[in-house]
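Novice: Take a look at the letters that make up each chain.
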Amino acid sequence: MTGPGTSWPAEDSEATAERPAMLQAAPYPRMPGGGISRRPLHFIILADCSGGMKGEKIQALNFAIADMLPHLAAWERDQEQAQVFIRTIAFATEPWWHIAEPQPVAQLGWKPLQPVPKGLTNMGPAFALAAQALASGQIERRALRPAMLLITDGLATDPPGEFEAGLSALMDQPAGKAALRLAIAIGRDARSAALDRFIGDRGVPVLVADSSEDIADRLVAASLAVSRMSEAGADRGAVARRLFGAPGEVLPNIFDQDTIV
Amino acid sequence: MDGLIQPGDTLLMDRAGARLTTEKRIGEGGQGVVHVARLNGAPFAVKWFRPGPGSEEMRTSITALIHRGRPPHPAFTWPIDLVSSGRIPGFGYVMPLLDPRFVSLAQLLNQDRQPSFRVITTIGRELVDAFAALHSAGLCYRDISFGNLRVDPAAGEAAIIDVDNIGIDSGTALVKGTGPFMAPELLRDEAHPSTVTDLHALAVLLFYLLMHGHPLFGVRADAACSWERGAHRSETELLMRNFGIEPVFIFDPGDPSNRPVPGDRALTWWPIYPEQCRRVFTRAFTAGLHDASLNGRVTEGTWRRVLLALQDSVYDCPACRADLFHDPEQAGQRCWNCSAPLPVPVTLKLAGSLLVLSAGAVLTSHHLNRDRDHRTACAVVEPDPRQAGRVVLRNRTDRSWTVVPDGEEAKRVAPGQRLGVRPMRIDFGPARGQIRAGEIHGLG
Ligand SMILES: Nc1ncnc2c1ncn2[C@@H]1O[C@H](COP(=O)(O)OP(=O)(O)OP(=O)(O)O)[C@@H](O)[C@H]1O
Chain A
1 MTGPGTSWPA EDSEATAERP AMLQAAPYPR MPGGGISRRP LHFIILADCS
51 GGMKGEKIQA LNFAIADMLP HLAAWERDQE QAQVFIRTIA FATEPWWHIA
101 EPQPVAQLGW KPLQPVPKGL TNMGPAFALA AQALASGQIE RRALRPAMLL
151 ITDGLATDPP GEFEAGLSAL MDQPAGKAAL RLAIAIGRDA RSAALDRFIG
201 DRGVPVLVAD SSEDIADRLV AASLAVSRMS EAGADRGAVA RRLFGAPGEV
251 LPNIFDQDTI V
Chain B
1 MDGLIQPGDT LLMDRAGARL TTEKRIGEGG QGVVHVARLN GAPFAVKWFR
51 PGPGSEEMRT SITALIHRGR PPHPAFTWPI DLVSSGRIPG FGYVMPLLDP
101 RFVSLAQLLN QDRQPSFRVI TTIGRELVDA FAALHSAGLC YRDISFGNLR
151 VDPAAGEAAI IDVDNIGIDS GTALVKGTGP FMAPELLRDE AHPSTVTDLH
201 ALAVLLFYLL MHGHPLFGVR ADAACSWERG AHRSETELLM RNFGIEPVFI
251 FDPGDPSNRP VPGDRALTWW PIYPEQCRRV FTRAFTAGLH DASLNGRVTE
301 GTWRRVLLAL QDSVYDCPAC RADLFHDPEQ AGQRCWNCSA PLPVPVTLKL
351 AGSLLVLSAG AVLTSHHLNR DRDHRTACAV VEPDPRQAGR VVLRNRTDRS
401 WTVVPDGEEA KRVAPGQRLG VRPMRIDFGP ARGQIRAGEI HGLG
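These protein sequences, in sequence, are chains A and B.
When we follow this note's numbering, the leftmost residue of the first sequence carries the number 1, and every step to the right adds one.
When we follow this note's numbering, the leftmost residue of the second sequence carries the number 1, and every step to the right adds one.
In isolation and in its complexed conformation, chain B is listed as follows:
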């Protein structure tokens, strides 16, 4: 017994008046404990707070979150109602129970077998969309870090827990953030958590997701660490120095003083990504470190463009099948795995995007309608069963496309039909596009 709720307790929902029965404890954090709880047989999660200073503020801010409702993105496990117990003082709140298909992001990135680039970039985009929804609602998260995120790689979905620290910029905050994700101005105690500091944390998170390391932990940060007598510094001091007072990006083009430590995984991943992506990270961790404003930091709109472009440019090495990105800015690209020179892949050019037509690629509703619907497939790219190395585009919409292949008559592609990919103009109805020849198998 720890003075907190126990399995078998009955909890009363504040607004709904309904009763919940507490079941097993599934989590424990600094602020409280989390239990499974049942409401009319359906499972939910209840977080119960340890009594302490700040409890009242917490109650007020959670009440505000409940009233306001979830931002328009399903990733947030948003509070549904406050709960109280007849047995013990204090309070908690009920929220949706996280599905076990969600795993921690660190676990995913530490696996021996890494998910494909399509999966990684989809997860990144989901996270960006979720934080965009939050920030657009005038709220900030304040503690973006690995501990509060879960992902389902198979479904390409993200979940964000521990939403009780969400509030408005400069509103009362009990939490400042998680060390390595904290913006320099927060570490230096010159600012409060806000949308602007969230944007730094988001950039760090995306860097971890894509590059598998911390953007500011390089040789200089390493040199600040020591176990020598008289030279040892506490972790807090290290955080402050390396990420707060003199942060330097490990790939800063203008300052090579903090390059990655030999063996750092980021050395492997960084060159695999296209220039555009690396440019945006560079901005986030050079100008963005020092300009703590919405203009200085990279906002979600930019990340979204970067991640969508990455997702659209995935293909695989014809020689060794390694997963790759096509970089339209780089001539003479080579495979990161086998070093083979890479052919320019066949692409579909649409207004606002360039989709590499490699097996597994999906033309989404967003490609055609710019509606942010990235889940509805309008066409999928499949291997051409008649010829290895070539692909077909299957019409998954319910309308016919009109295509004019170079040097051929106009044709129709009915719903469900497959189109052999070759240079052509396509009218999808809501959008027009053009398939451009690559260098693969003489398609050019």
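This is chain A alone, in the form it adopts within the complex:
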């Protein structure tokens, strides 16, 4: 410790034998925590757990969501404006909350979903459930535009009128109407007519994926799109164009883009 050329100048030295250990300046001293004050961004996943999802499809869905969350969390750590909270509605014949309380994305571990044997794919009631959660008073007034992600094999089996009823309940809520709505159709036989109606914006395509890796890529792209879309002045069409990119391609970096040109 006492290097060459160092001695003790000008000390009335009664240095005692018990010297305290050299205190290292702590790299992280005690500081207030809590990050930056940000506005909540509610992200609601609507996951198809119908009987038809059994086997590979549900596995792919679980894998893909688990794979997407860290990307979304990484994006979120980089934000000074948005803090992402995840909720999940699972649905078959009936919808139910798989994750009812909004969970900070950074702390969320994904609990895999199981398909409901013989369960139908009734989307309308799932939309209606989401609509309740997005009602004013249910989300913070300063919440950013929410995001919704519907993952399904695309074949809605709602009784006549039910799909529309659920969708219009959602559209009747300003936050539901304003939400960025994305859909991923799983499997080669996926159909997207219902999903197109859910998205409600011809500029935003249904993302079709037929392998779990493919879904993961799509979900990551979707999660990035969420980030992009929630910012002021976002251009829906531009985001949509990026989502068309082939899987495996470098994912678009759509961070930090609220530049007003």
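None of these hints come from the bench; they were simulated from the model.
Accuracy of the hints is not assured; some may be wrong.
Rough simulated footprint, nothing fancy, chain A against chain B, three-plus residues with beta-carbon under 8 angstroms [unchecked claim]:
{"hint": "1", "stretch": "84 to 97"}
{"hint": "2", "stretch": "106 to 113"}
{"hint": "3", "stretch": "261 to 274"}
Even glycine gets a Cβ: it sits at the ideal position worked out from N, Cα and C.
Fit chain B with the ligand to the given chain A structure using the hints.
Specialist: Leaving out everything else, chain B with the ligand in the frame of chain A:
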């Protein structure tokens, strides 16, 4: 294939005539894509523009930046040369590749474990110095915001990317700024991006850095938001109202209408900072909001003084070790963490500064020579190995100091030697100072 450059492409440097090979894509923005590119084996970054309106203006303005050269601050990733491709039309430019040790500022501030006040204030000062260098060169940045900044907390360095929007005040600008950082007059469309609007953005940035929130997003701004039927406003409308038309500082002493939203992190951080710092923020977000001039806005010189003073006043609570600032204007200061009354720390008074002599403090070349060299350490404060709570000052210069401790003979402190800190006069050679007693361990 997206009509832009791809890995493996060869690019020709305009002035240098050399060839670069494109590697992987590392970024994508509204204006273009960024790739790693190699020149004689050395890695660089290339930004390639999406073709579109404004491309020609962009080419002209980047050419001007290349000719002019980087302002005298290393933080700017400045364009080196224009590049073109034999395969596709369009153009780009080559610049230094950002080291991965740099992380985004938001990431740093969102971490559970916050960097120390010394680190935070050093980063702030680096950013201020960089923008001062730019503004002194007669240029403005136009889009100061989190997205364009990176920091290395360990080294206390900053990097500024996306410099292609830099230009002269009122010169042609393609970019107006990033919403929450935009000056009120810009949002109201009454002005063009300029040094003056940069200064507002810089104040917002520093507020985020120190207080962890937005200076104008308080209860009034919150109340303007709504998800009720018929009451919902678009983000653009909110920006305009809250930050453009009727901005009110969340700590405005004369207008309590927009106080922080309960739970806002700024409520925790704000009282920790000394009065002088809070006064300057208050000026920036009261008079400075409405007086869009170099006199109204807080300029870098003032921020630099504030940040240096903050850096010099860091110490820790003797009871709980929380990081603190000594505020010479505040009597009876208490620890923000454990509420213990805080003793007045030992200080070194020099012309133009007051350095709290707490372990970890550094007496820099700037303290002694006023040369803006904040990296060269002339002395460091270390814990006194003989007595807990006391400190020593180690001479890191290559000359001896002469010290006259109160009630003692004059002594010399040779290079490398340690000086037990107690009240005294010190002659460092280029400067003289005085160590003043604190209240710690009966030093007074
Ligand atoms: N010199 C560099 N070294 C490493 N990465 C870089 C460099 N320059 C830019 N990048 C990366 O590329 C991304 C896009 O760059 P940049 O912000 O310049 O693009 P832009 O099109 O102007 O974006 P914006 O729409 O935000 O203005 C950056 O966010 C960053 O991640």
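Novice: Now look at each hint and say whether the structure bears it out.
Specialist: Status of the hints after comparison with the structure:
1. 84 to 97: Since 0 is below three, the answer is violated.
2. 106 to 113: Result for this restraint: holds, n = 7.
3. 261 to 274: holds (count 8)
Hint 1 alone, counting from the list given before, is not met by this structure.
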